[in-house]
Amino acid sequence: MMVSFSQFLLSGSAGKILAFALATSAAVALAQSAAPARAEAPVTFNREIAPIIFHNCVACHRPGEAGPFPLRTYEEVHSHARQIAAVTRRRFMPPWLPEPGDLKFADQRGLTDEQITLIERWVDQGAMEGESPLPPLPPFAEGWQLGKPDMIVQAAKPLHVPASGTDIYWNFVLRLPLESPRWVKAVEIHPGDKRLVHHANILVDRTQSARRREEEPGAGFGGMEIRIEAETFEPDSHFLFWKPGTVAAAEPDGMALRFDKGTDLVLNTHLQPSGKPEIIQPSIGLYFTDQPATLHPMLLQMENDARLDIPPGERNFAVTDDFTLPLDVDLLAIYPHAHYLGKDMLALATLPDKSTKTLIHIKRWDLNWQAVYRYAAPVFLPRGTTISMRYSYDNSADNQANPHHPPQRVMGGNRSSDEMAHLWLQVLPRGAEARGDPRMVLQEALARHNVEKNPADFEAHYNLASMLQARNQLDEATAQYEAALRIRPDDAVANNAFGGLLASTGHGDEAAARFAAALKSRPDYFDAHYDLGIVLATQGDYRGAIEHFSAAVRLNPEDAAAEANLGSALALAEQLPEAKLHLEKALQLDPQNTLARENLEQLRERR
Amino acid sequence: MGFWRRWFRMVESLTRGLLFCSLATALCAAQIAAVNLDGKPVDPVLASRGKVVVLIFVRTDCPISNRYAPAIQRLSQQYEGKVTFWLVYPDKSESAAAIRKHLQEYGYEVTALRDPGHVLVKQGQVQVTPEAVVFGRNGQLAYHGRIDDWYQDFGRARAAPTTHELADAIQAVIAGKPIAPSTTTAVGCYISDLE
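Just so you know, the protein sequences line up as chains A and B, in that order.
The first sequence begins at 517 in the working numbering and counts up by one.
The second sequence begins at 7 in the working numbering and counts up by one.
Excised from the complex, chain B in its bound form:
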């Protein structure tokens, strides 16, 4: 079954336009897998096989994703046991040491990954930090977008969020219900797609 799941997810990826990597080995080699803070490659979806997986994309110096830290930490604790949370740092300039310091300062107890090759960025179809991605137990992309509607624009935050899209998506996936909407636009710091 494990193999099948992985294959299923690859098919899903293929439909999203990641064709080059599976066909052209030259390009594939250039794609650097996500790594943990010790530099070991990690596929968070495979690693959490059979569980709902949530990736939260952040960067150490994005004020919006930083302001979300307490909420992200709370959510990860709220769904502990049912959902595996990962923090993903997609900016290649952010070192493992800087990320460790960031985790400590912001009180994160969520496992962090670096994604300098943007494998997870592409897999989750994310554009900004903070942005959330939810994978179902079958490894299928179920939701990507904002955590909630706290921020409406740069510098324009509500006093408190009024909708909670990420929590709703997690609950729907756990309950095996459809997610609506499965995609929302997040407000935050653009993830650089420049080399």
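With the rest of the complex left out, here is chain A:
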């Protein structure tokens, strides 16, 4: 790192090097550590340094990857030698946030103290090439790392990133051109120019809810945090995450993902202007499999955003959440998440025998390097284990990442200048569960925990309600929907979901009122039109049903069920030629649609 004393006298610019050495305390440590090594053979690139660089740096520091310059040869490394010594000493490179602990992560990066000292000695001694044979560069796959994908989907429109300005958070909505459900064993993310992209995260949108936020189809939309709506319980059970240096990997055996016709993938990206205008157009590669999922991991989200109200100047604002597992799980991966004020982020597991495991500990959080961390081996956590999220936040001016200058009061929220306290865990519940699908048992326990934690939180009640509805505990689900709707009486999704429950229990009039309320706050709500159409048709109001099925078909012309129901309602209203048209359209969209086929047959018989 620093030039040693004897060398700087020789170089003849004492003033420069001395000022340099005083600027960095590490220089003193270096001078001491380097001294005893004098008698040893000099460190050379070919013998000692190339293996370190090739193993730890070149995956990103090669053309087309995230590193700003390549480090494949002596010349390339030599040109950056002093920089490499500085960034490794500060542990800025290779980027890796978690502290070393008992649990090992897959793809763990980082140099040992010995390796860092060796690099410093090499630079001190003049960064010599040496005469030993150079070890070969490890092989790196070019292009798609997992081979040619079965399907490539590119963002419909590129994003123009200006030369300067603040970081950009952009969401690309990728429409999957699937005609039928497919099992996917791997998703490889190509985020575009990797030098600009800090991370990219895929959210599965089965209800096309994200599209509504695009100003024009395919344009995407801004925003750091997005929420994907789902009206039925379907756990998003996989982390689909890219960060610089990510090695694309297939999901473990048995853990395929299912994507359907109409599934959208929302690629949430964090981009940093590079100094020149850039164009970003990400793509993803899908790898199909014939093997349906046999293992069903799920994502547990712990959080406590409601506690985030951080006064300006506060250096150590603590936020916690504690959740006790209702069954045995294997922990597969973990994803701690905060914004720019996050400082120390710890996740602990306290087992029933009171022993503890540090699941992850990041002492110096840096949003720019946020990541999903997969464990090298699953971590068994028995029923009764309490998982504790322990985060602290620094809202002082000393926190260089503070988005406010001077510091301001910061609350929880979705904007990058708001804060978050989230901890996601991917777990695989163990064994068969007498109480039903173990994921639902877990999700219900988490939903109950959230209602206790935040009794005034709409989403906590709504999520518990929909979970209880899915588990057929309808009385309690009704109470939770009512609690949610007391907090947000006009919420379209909650009104629609509660309407669904009421309709399924024979309360047609009350259900129709809920669907109407949903449509009042969101007139272009496909599901509410469809559901209201069903209820009205059941009540014999075919004219009303036709009106709402027509609206549904206008909103989603690709939906076979809506077309089939519209055709059926028209048939019941004796508008036979139009009925035939829509039933045929439904069959075009989905040749397997039973309703459309049977009703078309009936129409033919009546002729």
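In short, the hints are calculated from the structure, not lab data.
The calculated PhoX-like cross-link candidates involving lysine-lysine, where the alpha carbons are at most 25 Å apart (straight line), are:
{"no.": "1", "chain 1": "A", "residue 1": "Lys620", "chain 2": "A", "residue 2": "Lys873"}
{"no.": "2", "chain 1": "A", "residue 1": "Lys792", "chain 2": "B", "residue 2": "Lys98"}
{"no.": "3", "chain 1": "A", "residue 1": "Lys1101", "chain 2": "A", "residue 2": "Lys777"}
{"no.": "4", "chain 1": "A", "residue 1": "Lys673", "chain 2": "A", "residue 2": "Lys792"}
{"no.": "5", "chain 1": "A", "residue 1": "Lys620", "chain 2": "A", "residue 2": "Lys879"}
{"no.": "6", "chain 1": "A", "residue 1": "Lys710", "chain 2": "A", "residue 2": "Lys792"}
{"no.": "7", "chain 1": "A", "residue 1": "Lys792", "chain 2": "B", "residue 2": "Lys107"}
{"no.": "8", "chain 1": "A", "residue 1": "Lys870", "chain 2": "A", "residue 2": "Lys620"}
{"no.": "9", "chain 1": "A", "residue 1": "Lys710", "chain 2": "B", "residue 2": "Lys107"}
Chain B stretches covered by chain A per the calculated footprint, using a threshold of three residues with CB under 8 Å from any CB of chain A:
{"no.": "10", "region": "55-69"}
{"no.": "11", "region": "72-86"}
{"no.": "12", "region": "108-122"}
{"no.": "13", "region": "164-177"}
{"no.": "14", "region": "190-199"}
Think of the CB as a built atom: it goes at the ideal place given N, C-alpha and C, for glycine as much as any other residue.
Given chain A, work out where chain B should sit, using these hints.
Relative to chain A, chain B alone:
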């Protein structure tokens, strides 16, 4: 007067420890002058005689100096006529062709120099890219250090800078006022002092 100015600056350099070059001709020959992109030797301070001179040290592949490109270009335009800006590429591995491409990609309209012998690096006492050096009208080193406080450490940038040391130094020099501080530590990519 021109001769005197140059002499004055040499004295200044001598006090900074560049003694060898003026005395030992063997070492002096090894010191390669800064050149423009056509390979002609240029002394940017002499060439801009009577004007305030700003050197900004950059390299084509340093992500921090690259992110500063729009700000550097803006500053050079803001002080056009009063201050002569030069971009200095100190890494000897960067060719004139690579630098031309870099200037074009990043929209630079500032004259670029190569400094493979680190004559300007030593004269300006710089250590990293990006780092700025300000010379007064008399050719005297007035400021060297960071452009502003945008970057605090590797990978640690503020949302926006809160201090503007280079602009402050330029204004002070133009106004003939003292500069405080005249030296700051810049964050960036270390300029290699290895042969």
